Structures are given as structure tokens and as C-alpha cells.
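Visitor: Chain order of the listed sequences is A, B and C. In case it helps, the working numbering puts the first sequence at residues 664 to 1012. In case it helps, the working numbering puts the second sequence at residues 664 to 1012. In case it helps, the working numbering puts the third sequence at residues 664 to 1012.
In short, the hints are calculated from the structure, not lab data. Among these hints, one or two may not hold up.
Note that the list lumps identical chains together, so a pair holds whenever it fits in one copy or between two copies.
[Stated by the list, open to error] DSS-like, lysine-lysine: derived pairs with alpha carbons at most 25 Å apart: (1) Lys755 / Lys855; (2) Lys755 / Lys697; (3) Lys693 / Lys855; (4) Lys846 / Lys755; (5) Lys693 / Lys833; (6) Lys697 / Lys833.
In this text, all values refer to a predicted model and were calculated from it rather than measured experimentally.
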Amino acid sequence: MADRNTPFIFNEWYVAAFAADVGRELLARKLLGKNVVMFRTEQGRAVALDDRCAHRSFPLSEGTLDADTVVCGYHGFRYDADGDCVEVPSMKVCPAAIGVRAYPLVERGPLLWIWLGDPALVDPGAIRDTTFMESDAWVCSTGYLWLAGNYVGLHENLMDLTHLSYVHAKSFGTPEYAQAPYKAWLDEGHYKVTRSVIPTVLPPVWGDPSGLSEVATAARVATSEFLSPAFHQVGTSFYDSAVPEDVRTVCSIRTAHLPTPETHETTHYFIVHGRDFALADPGVTQVMHDRLLIAFREDVEALGRLERVLQETPADQLYEISVASDGPGVAMRRHLLRRALEEHNQTQA
Amino acid sequence: MADRNTPFIFNEWYVAAFAADVGRELLARKLLGKNVVMFRTEQGRAVALDDRCAHRSFPLSEGTLDADTVVCGYHGFRYDADGDCVEVPSMKVCPAAIGVRAYPLVERGPLLWIWLGDPALVDPGAIRDTTFMESDAWVCSTGYLWLAGNYVGLHENLMDLTHLSYVHAKSFGTPEYAQAPYKAWLDEGHYKVTRSVIPTVLPPVWGDPSGLSEVATAARVATSEFLSPAFHQVGTSFYDSAVPEDVRTVCSIRTAHLPTPETHETTHYFIVHGRDFALADPGVTQVMHDRLLIAFREDVEALGRLERVLQETPADQLYEISVASDGPGVAMRRHLLRRALEEHNQTQA
Amino acid sequence: MADRNTPFIFNEWYVAAFAADVGRELLARKLLGKNVVMFRTEQGRAVALDDRCAHRSFPLSEGTLDADTVVCGYHGFRYDADGDCVEVPSMKVCPAAIGVRAYPLVERGPLLWIWLGDPALVDPGAIRDTTFMESDAWVCSTGYLWLAGNYVGLHENLMDLTHLSYVHAKSFGTPEYAQAPYKAWLDEGHYKVTRSVIPTVLPPVWGDPSGLSEVATAARVATSEFLSPAFHQVGTSFYDSAVPEDVRTVCSIRTAHLPTPETHETTHYFIVHGRDFALADPGVTQVMHDRLLIAFREDVEALGRLERVLQETPADQLYEISVASDGPGVAMRRHLLRRALEEHNQTQA
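Kindly generate the complete structure, drawing on both the sequences and the hints.
Guide: Below, the structure written as C-alpha cells:
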């Protein structure tokens, strides 16, 4: 199954940045091992180019943005938003066919999705649905964490919520969580696990805003869904299980976990978190956001520790033992490996 | 002969920790490249386990100690003091045959000895004698230094005391030390050198507590003994050579130098230092300990500098020239190489 | 063409140090990947030895200088200024044929040139002319910068002055510089480019001391010359182009750029800067020196950024596109590659 030594999957849409973070300053970011520079044109279109001048490899992000062109800081080669070189200062006529690669960028609500793979396969229709992020029925907040670990570990972490009782014992994990019954749906490329903790007492992060904090018969039903190598969605519903289904109020939260490999050992971890209740209260947004980020930082710390163990373990001494609850994670990792190797073998061929 | 590129010798007892340093907190330490976690059971038995959960490699030392079990901080796998997994929270019945390796630990006075080698060869009888550390005839103190160098260099340093005049010129080396006559006994696996400096004036670290500081006819007879890859003992006797042998008072010090490789480039350097005179004076203990540690830090600094030279020297440019006084060190290093390769070849076969 | 992966050219004279920096203290420096220790004898002769004791590789620079000998800080081996071991403290008679390599050093004005290559090929006559540094017709100052990049990039930077308009936009670059006409002379091993900016307004660093700061018809004629892998000279003349040639005053500056590889990724960058006007004014020396160093630091920063891009780029993804103005730099890099490979292949054979 996939692990930190598995090749990247390039033929996929990944989050390159939050839309709000790309503007009229050159932004350098490493994505799947590639150095990319991003900016917006004067008309507001977000652009991503290879961050390396075709001439002598100087990073374009260290140059300047001039209208819709980037001027290299070394010898002044000028590139337009398509990556075509349009001026070489020492030449009266700019030589044709000099340029850097431009990567397709698609803006969807708070996210900028990038395609770093085979240009022949670009299809914005393959970007997963994130309309809830722009819907009036949800209030959302965004966060970013830098993870000192491979992205596969983050996916498995999200797929297997039995870790909540341990990694998040002090935030939103509760002891019975690891033992709760779960159902799994394991379709190729789409892995889904639902875990029901009923009855339970909600931790304050959920109990307070949902008004269920005093309820001993609360229900907490979490669904983890692997949607793509770049997108894992976790939704949780809360309600009072003592109230009949047809009259009960159900509060839902939904978190898009959006990992983009930076290197094989590090990951950009983009997060969009939404709720469909207490919509008018910005204080709730802030409190829930802050508490969630505390928990996600616990994951980031744990995965970073894990990465350090794996980094220093010789490949022939690496082993893992899986148990029943690892089933969905293992299926997901096999899928990642299959896709990675298929693509890798095609590229090599 | 053995050097920093020589494989480790696993089939040997090494000091894992001072007994006083292992208690009811999980203690992580890398020994011969292996990550080990140590603790004491409620009954006080010291335990050493592989510091990596069998499930997803999370370091057990980042988990919690619960009675005599260690609970992994990621998914809650629970291991007993034998390394057997006794609980997987997501499973009603714990699967059999999950576990991590437990390493034999033997407590002897201030030391905990660990066996990281072939379990079939464990024999506590092979641990070298250290009863002086617990004897009423000696007062001992302990120290630890972290050495940024391979352990072979430390053994050679201890075997060849001609370095005292240079590395320790400011602490307990004296100029005539390097030229002093010496005798060597070179039995396979046991290398011993006695070096006599007679007459001499003792440096203050020895002269003051032995009452020989004003004596111009002092004798200083040092014996370096390689006892095992993990144990080098240096004993020194001081007396007034002008006093006939049958009536003179002889003061002795003895230092157990206990190197345990951490990695090929770093070493845990455990030290137990004892004396058989001025037993009732704790002030002497403190002064001698402090002065000795100053000198041992000089070795650690010198060996660290040497390691940095060796690290950056391409293997095909490494060379050494040996002279007569290197004989015992060379014999010892040949022995280490022989043992290392024998064991290494058996493991590979 | 040569790049950061090209072997070093050892058969060449390189600047090891400024003469003023070598004295009666042991000076350690890495040159072309070799650790060298330098000092002056009591008579004042500069000496360079391998910085590694032949016995156990301890760095000699961590020992002591005693008259004209170096005493190793580990076991006291003593070496004379020819690198011959003249004393082993533990031996009554010093064994013959122990020694470390001594490297030829030649002192020329402010510079110490070293030969690290094949001893059979040493020829001080091959050291390039630097008599201007000691001439009464010039006032010179010296500077040193440590460059976190390969030396080939520095040579190309100096050969191609079109970068002045970009890298030095804030110091002595002016916008029209990159477009100025140039002439090139490309003889094997000697590459020369002259670039004329006429008319122009001089930047203050040149305009102020030459008295041409208010002149709109100033001329600035720069000549970049690759003289050896260790020596690149840039000379610039300033005058008022409105004054007839036979009566005009010409002010000249000349900078010797003297790169000595430290490693493949770092370079010692020695600089000697001179002028042939306003000779009596030390204030001018200081101001010009300070302003120049600001500009050279801009190069060092830019080349350091470039190096970081190249370091992390897999060899099979490295590419460069060259344009007409790169001609001299490309010719120079082909020359470096040819020499490096010739020498490398001979050494291997």
C-alpha cells in the first residue's frame, strides 16, 4: 500500500492556495516537488507558472510583477501570464519558443485548484464538489497547517477515527470513540466510513454551540470520506437520540481536509470548516475554528513524530501490522499506490 | 581495523542507562541505531521495548505508561512489559501475535545493561564485573557525556594515553606522560596497557586529595584495560616512590568508561568514577568528579573534531599511519572489526 | 558546459588567502574540497599543509604552532614547514616517511596563490599578472565574500554584464545597460567582452569621484575578462564623450574577481578593487569600496538563490536556454568543462 516512498499522483486537481492568498504579489510555493509562482493578473485571473526562468534557472518569484508579466530578477527575461517569454533585454527581437510552463488554475469559492499533471488530461469537471463552502446554508472558515510528514499518513489518519480517543484525548476525543460501531463503504477511489457514538456526551466544542451540552443521550455520527488524493471530507451530525427522528433537530458540521504534497516528507494542509447551525453568530465561528485547529495541530504533531521514525528506519526494517478497523485506510492506500504506479510507469515508458 | 564505517557489534551487553534514570516515566533512547523505550514496572523492574508501535510505527515513548503497560499515543494499542500487545481498542478481542520486541535488561549497581543482539545468545554471566561500584571500599560518582563521534575512536583514545600530554595539557596531562615507559598485554578481546610515570609531580586533581601534592618523588601508574566493546576501565595508583614498597600508602582511582553507540556518528558515554581513599569526604568526591569531567569533555571535543574530519573525507581518501605506541589500540580495533564482521556476516547469511 | 556538477580544475593557481590574513596563527580553510592549514614561518614565509595529521586524521589547525613546526593537538606529532613529521612523542626516534602534503604557495602583493594540483606541473610563471595591485598608479582595497554557490555561476555572472540592470538596479546598474552594444573576443581560455554605454549618466558610485556626475554625455566602457578559473578581471573607463579623444581625461577602475571553490556548493570570493584617479583621497577609497561591496553582495545573494534552485532540481530536469548575449559565458563554460574533464580523466586513468 502507498506510503512515504510512493511516487506522487500528478494527474489530479490539488489545492494550490486559498484564493485570498494569491494577489498582486508573487507567491512562491512548492507543490508535489515542483516550484510554482502564483499571482493575479490586473483583471484578477489567478496564474501559476514554473518558478524557474528558462534562461539560467533563477526563481521568477524573486523577480518583479509588472502589469501581467513577470520580470526575472537576474537578466530581465519577461514572461506573460501564459508563460511565454516576451522580452529578452539584450536582444532587439525576443527569440520565439522560450517559455516556462503555465499550470491550469481553477478558482472555486475559497480555493484555487491546480493541475500539475499531463496537460492532455486537464478536466475541470473532475474537481470535486465544494459548493457548500459558498452556500448560504453554511458558515465556513479556513485554516492552513504545515505538516512535516507525507500526505498519505494524513489521509489514513482521517480515515481511521479510532485515533480520536488518543491523539485528541484533550480536545474532542472521548474514550468510547475508539470502540464505537462503524460501517464502511469501499468503492474503488471512494472510501467512506460512518462511526456512530450513541448515546454520548458531546465535548464542549460541539456541545456548546449545538445546545446539546447537557444532554446525556446525545448522538454523534461521523462520516469520513476519501474523495480524492487531494480531498478528504469529514462530516459529523449531532442530535438528541431521545427525541424521535421526525421531530429532532440535527446540527451538522463538515470539514474539507485538503492535503497537497509539498515534498515526500512535507504537506500543505488546507482546511475549510463549515456548520449549518447558529449561522448568525460569528463568535461561534471563531470558537469552533480555534478549537478545531488545536485538534488538527495534534494530528500534525503526531504525524510529524511518525514521519521522523519512518525517515530514519531503513526500508527493509519498515513493517506495519493492520487490524480490522484499518480496512478502509488500507483499501484507500492500495488505491493510492495503484494510481501512483500506473501513472509513474506510463511516464517512464 | 574497526572504524566509524564498521558494523555495530550487537551480541554484547551495553549500558542502556544509569539505573537512577529509569523510573515511572517513559524514557526514549537510541542504542546501536535502535529506538528503545524504557521504564520501570510498579514492582520496580526495569523494562526496555522497541520504541515503535507494531501497528503504524508511532513512537511508544510518546504514549503513556499505565500501570505496567504502555499505551500508544496514536490508536491506543496497549503493550505489556514483555512487549505483547494486550489491547486494541477498536477490537473486542485483542488479536494474538501482535507485539514489539522486549530487550533483556540487567540491573547491576548504578548501571542498566541491555542486550540488543541475538536473543538465543543472552547470558547475563557475560556482563563484566563492576562490584567495586557497590563496594564499601570505594566511593563512586557517575557522569554522562554525549559524544559526537563513533565509539571506536573513544576506545582507542582510552587505550592510548599518550594523548594526555596534548589533549589534557591543561587538566591532568603532564609533558613527560607521552614519553613514559609502558607495558602491554594483548590477549584476544582483552587489551591492557600499564604506563608508569616515576618520579613525577602529581597534577592537583590527584595530588590534593591523596596528600602527595608536595612530593617530588610521586609515582603515577595507570592501567588502561579494554574489557569489552562496551567497557573500558582505567585505574591509576599514586604513591611516594621514595617510601619502601612494604610501608608505602597507595591511593587508587578507577574509572569505568562505558561507551554505547547511539548511531555510527554519535555515542552515549557513561562514566563511573571511584577512589579508595579519603572515603569520608564528600567534598573530595565533588572536586574530583568536576575536574575529571572537564578532562573527559576535552576528549569528547577532540573526538568530535576528528569525527567531523572523517565524515567529510571520501572513503578512498581515508588513511592512517600507526606507530609503536598504537600497538594496543590497533590490536583492539582489529578485534572489534573481526567480531563485527563475523556477526554481520552471520546475520546476512 | 561546466556547471555545479563539473569536477574541479586542480591544475591551476588559486587565491588561498589574502597575504595579510596568514600569520603566526594557524588558519584553516577548505579549498577545492581539501582542508588546508596555513601559517607563516618565523622568517615570514607563508606555508600551506594538509590539515589532517597523518596518524589519526586530527585537524592540525586545532593543534599549536611552535616556531616553524605544527604540533598535533591529539598525540603531539610534530610537522615542519615542508610537512615532514619530525617528532613522535612516544618514540625515541621519529619514524621516517611520515608526513603530510605541503602545497606550493606564492605571495604576490596582497595575494597568496596556492597550487593544489599535480606537483609535477607547478609553475609560478603561470600565475596571472596582478602588478597593478602594487603599482603607485593605482590605489587598491581588498574584500572577501563567502558565496553559497558554485564558482562557475560567478564566472558567468561576471562575463555577462546584462544582469547589471536587474540585480544591481539599486546600486550601479542603469536601465540601458542591458541593451548596450558589446564586442566579444573568444580565444581558447581567454574570454573578453567590452560593453559601451555612450552617452550615459554615471551612477553616483562612479560619477562622484570622477567628477563626471553632472555630465549627460558621459561614457562608460566596461571590459570583462576571464583570465583563468581563478581570476576574472573587470575594468571600466569613464570619460566625457563630448570632449575630443586627444584632450579628454579618462578615469579607470579595475576589479580582480578571484573565486576559489570551497566546495561544489560554496566559493571563497576574493576581491581586489583599484582606481587610477583621486589617488590621494582615502575617503574616496572607502566610499567606493563600500558601494562596490553592496553590489557584489547583490550578486552573492542572487547566485545563492540560484544555487538553491539548482541543488534541489533533479539532474534530469536541469535545462538552460541561452541567447546571443550568453555567447562569451557559454564559450567560457565550455572551456572550463573541457579542462575539468581532461584533468579528471587523466587522474582516473
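Visitor: Now tell me, hint by hint, if it's right for this structure.
Guide: Each hint tested on the structure:
1. For the homomeric pair lysine 755 and lysine 855, the shortest alpha-carbon distance between copies (22 Å) is at most 25 Å, but the shortest distance inside one copy (60 Å) is not.
2. Taking identical chains as interchangeable, the C-alpha atoms of lysine 755 and lysine 697 are never at most 25 Å apart, the minima being 32 Å within one chain and 46 Å between chains.
3. With identical chains, the CA atoms of lysine 693 and lysine 855 are never at most 25 Å apart, being 30 Å at best within one copy and 39 Å at best between copies.
4. In this homomeric assembly, lysine 846 and lysine 755 come within 25 Å of each other (Cα to Cα) only across copies, at 16 Å, whereas the closest approach inside a single copy is 68 Å.
5. When the C-alpha separation of lysine 693 and lysine 833 is checked against a cutoff of 25 Å, the pair qualifies neither within a copy, at 33 Å, nor between copies, at 29 Å.
6. Proximity of lysine 697 and lysine 833 under a CA criterion of 25 Å is satisfied in neither setting, with 37 Å inside one chain copy and 31 Å between copies.
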